[in-house]
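S.K.: Sequence:
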Amino acid sequence: MTRLTTAEKILRAAHRLFDREGADAVTMRRVADAVGITPMAIYRHFPNRDALLKRLSDDSFNAVAHEWEARSSSPDLPDRLMSLADPYLDYALTHPHLFDHAFSVRRDDARLYPEDFRAGRSPTFNVVIDAIVDGMAKGVFKQDDPHDVAMAIWAQQHGLIALYRAGRFSYDQAQFRAFYKQSLERLLNGIKA
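Numbering (the working numbering), first residue to last: 8 to 200.
Certain hints may be false.
Listed below are the simulated DSS-like cross-link pairs for lysine-lysine, each with C-alpha atoms no more than 30 Å apart in a straight line [stated by the list, open to error]:
no., residue 1, residue 2
1, K145, K199
2, K149, K199
3, K188, K199
4, K16, K61
5, K149, K188
6, K188, K145
Honestly, the hints are just simulated from the structure, not real lab data.
Kindly produce the complete structure, drawing on both the sequences and the hints.
M.R.: Put into structure tokens, the structure is as follows:
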């Protein structure tokens, strides 16, 4: 069994606090207490709290992107895009604090549309772009700006999730999941060639 480095222990403790209680719970003192080190020891691995929170966000993006890449092998391009909807919703409902920090909270280090996305700096967005570009090249989807199409798909998914989490649906989780998928199918039908 591989022993965790101190930096890995810090990240795990910070992740647990963040996941349970949100970004405000991630203080150097609370993380240090959870790891069994002094708060000053954390600064050997992360220069400040913002750097620690950024690393947590980056790790979250990369975890979602990795799962999306694993699901993005279907040769049926609409199915490939549909398969990406579930992990996004799952992540939002299972890890609401991390989801909000990654996708819904204003941050100075957040990627900006269109420049960062067109430059390929979003590991999650890149998976969607690849499927859309592939679909347009094969004549499955209408010719359009693939980045704008991907943003429209993401905005639709994200908007529904935000409304659901804000209590704007009377649906239980299963009913919302069904509505969410049907809504995405409607959108995908609109971009088919």
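S.K.: Could you tell me which of the numbered hints above are not met by this structure, giving the numbers in increasing order?
M.R.: none
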